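*Asks:* Residue 1 is where the sequence shown starts when you use the UniProt record's numbering, and the numbers rise one by one after that.
Just to be clear, a hint being listed does not mean it is correct.
In the PhoX-like style, the derived pairs of lysine-lysine whose C-alpha atoms are separated by at most 20 Å in a straight line are [stated by the list, open to error]: (1) K110 x K48; (2) K412 x K590; (3) K167 x K245; (4) K412 x K276; (5) K370 x K451; (6) K245 x K173; (7) K48 x K158; (8) K378 x K276; (9) K109 x K48; (10) K225 x K27; (11) K223 x K173; (12) K245 x K158; (13) K147 x K30; (14) K378 x K412; (15) K27 x K105; (16) K147 x K158; (17) K109 x K98; (18) K599 x K583; (19) K58 x K27; (20) K276 x K158; (21) K48 x K173; (22) K27 x K276; (23) K147 x K173; (24) K266 x K158.
What the hints contain is simulated information worked out from the structure, not anything from laboratory work. Keep in mind that this is a model prediction, so the values were computed, not measured.
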Amino acid sequence: MARTLSAASLSKYFEGGIYYDFLQYVKSDKELAFEIRVNDEVMIYCQKNLLLRISHRKNTSDNITMLNPRYYTNRKDGLTLSAQLREPADLQDMAKVKLYFEDAKALCKKYKSHDEFIVQQQYKADHSSFDEEFLAIDMEWAPDQAKIPVEYRVAKTKIDLLVVSNKPNEDGKHEVYLAEVKCGLGAVDGKSGIEDHVRMSQGIINNVYVRQALLQDVTSIIKQKTQLQLFEGSPIRYNFSERPKIMFILANSSEYDKLSFDRIIKNLGEVGHDIKVEYLASSKEIQPAKAHYGGDSEYRKACRLHQAWFRENVLKLKMGRNHSTRKGTNETAEEFEHRRTTETDIAILTNADAARLMNFVPEYHEEIGKALCEDRGKIPTDFGLMANMLRSEHVPWNVFVPMMTDLVAAAKCFSEILPHRDITTIFKWQIEYAPNTINDKTAFDVYIEYKTSRGDTGIIGIEVKYTEEGYSVGNKEFAMMQDPESAYSVTTRNSECFVNNDPLQFNNPDFIQLWRNHILGLAMLQQKKTKYLYFDSLTLYPSGNTHFHSTGSHIGVIEAYEELLTNKGKDTFHAITYEDFFKVLGRHYKSNRSLLWLKYLETRYINIIH
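All chains, please: the whole structure from these sequences, using the hints.
*Replies:* Given below as C-alpha cells:
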C-alpha cells in the first residue's frame, strides 16, 4: 500500500469535512508538518517529533494517538499537556487544538531538539510551492517493506526529506531526491555521516522494488497533498526519472564547510557526480553546530589532560580553582567536586602559583615579568592569562619574549619564514598591540617592526591560537560590515587583497578574526603619511587544532580563508604551525638557556601525550 489516504478519509479534510478546520490550523503553523502515511494514516510532526497520529477507520470512529507520554511524565519543570486530543470531536475544537499543539511543541523542543530537526522542518516549509526550484514533499520517508519481496527488502531506512525538482532535466524528466540534512560538518563518519547516507541511498537506488515503491509514494503524496492544498502555486504534470538521486542539505555552512563538503563529494567518485548539494544560509534560530563551537573538541580535551599532566609532572604544582565553574542544579556537592577535580579545573593553577609566574617558561621569568609590568603597569592578576593553562593568552609571552632577547636571531627567523620581505633588522616589538586603525579595538597578539636591507620599514601582525576555534560576530562588528563607509568596508575595498570586497562574506565565526587581524595591518598601510611599505599577517597555531589545519578531505579555515584572497592578499597573509615555527627557532637559537626554552615549548605545546 502506497502512502495514500482513502477517498473517504481524504474527504474529511476537504471544505465541509470534519477535519477541515484542523487541517487549516496545521497549515498555518510552519512548525507543524502534515504527512500522509501507509495504512490510511496521517501524522503531524514538529522537528522530527511525532505529535499526533490519526488512524482512519472505515466502520468505526477514527483512532487518535497523542504525543508519547515520555515527553511529559515526571517532568520537574511543570510542562505538560493542558489539552487532550483523543476523539475526532476534539479535532473540531480549535481552542483545544491550539492549546494541545502549543504544549506539545514546547515539550518536544525541551525533550529532543537538534539543529538538523529545525533545518529539516524549515526547508520543508520553505519548499512547499510548485513555483520553487525544488518541492519538499515528505519527511522521514521509509519504504513499506510489506510491498517488497523478502529477499529484496532493505535494512531499516529513513530519509530526512523526499524532494522533487519542479524543472525537468535535459531528458525532460523530473528528478526525485533522497535528501539528508547536515548542520556544518560536525559528523561526517559513522551512521549519521555523509558516506553512510550515500551507501544507504545507493541501496534504494539500485533496488528495483524499492524504487518502484518510492515512485508510487511520490506520485500519491503529491496528488493527495495537492488536493489538500498543502502546496502553493500551479500544479505540475511530473514525468519522474526512474532512478532517484542523492541530495545533501547543508545548513550553517561556512566557506570551509563548503570546500570540505565539495572535496568529500568529489572523492566519492562516479557516485559523487549525481549528488546535489543545497547550501543554506544560517538561520538566526539555528545555533552553530556544536561540533565546532560547543564544549570540548577532541583536541581541546587532549590538551586539557596534557596541561594537567604538565602541571603535575613537570611543574610539580597543585591544582587551582576556576571560580566560573558552577555546581549544576541537580548535582550533589560530591558530584560537583568530582567533576571539578577530574575535568573542568585540572588545567588551572593556584592563585599563589599564578602570581609566581608559573604559567610562563621558568628560565625567562625575569624578562616575562618585566614585559608584563611594562604592558600592564604591574604583574597582572588576569585569570585567563596567569592561571588558565589551556587558554592561548600566555602563549605569546612564552614564545616571543624569550625570542626577542636576541633580536639578531629573531630577524633571521622571520627572514626565513617571510623570505619575500628581506628582513634584516627588528627594531620594535610589542605583545598585545592595538593600533585602532579599524575602530573596533582589535589587537595583534604580537606586533613587530623591521627594516629591510634597503632601509624600508615593514610590519608583522601575529595572531596566536592554541585550543580556540571560532568566535561569534558581535552586533557592532555586524553593523560595521553592513556600512559601506566603515573602516571594515573601506580597508577591504582599497586593499585589493580580496576576490570579493563585501565584508559580509566574513560574517561567520570561522573567518571573522582572521579577516579583522588581516585588515588591521592593511589599514596601517592605507593611512596618510604612513612610513610602512609592507605588512604581513601571520597566524601561529598547533597542527593538532584541525579547526585551522587541513587534514585529508577536511579543509581547515586557514586554507578556506586563503581561497577568498587575491594574489596580493595571499602575499600578505600567512600561517605556520607551532611545529614548524619551533623548528625555525631551533635553527637560530643555540645557547643552553635557549635550548631549555625550546624544550619547554616542545614539551608543553607539541608532545601531547593524551
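*Asks:* Of all the hints numbered above, which does this structure not satisfy? Sort the numbers upward.
*Replies:* 4, 5, 8, 13, 14, 19, 21, 22, 23 and 24
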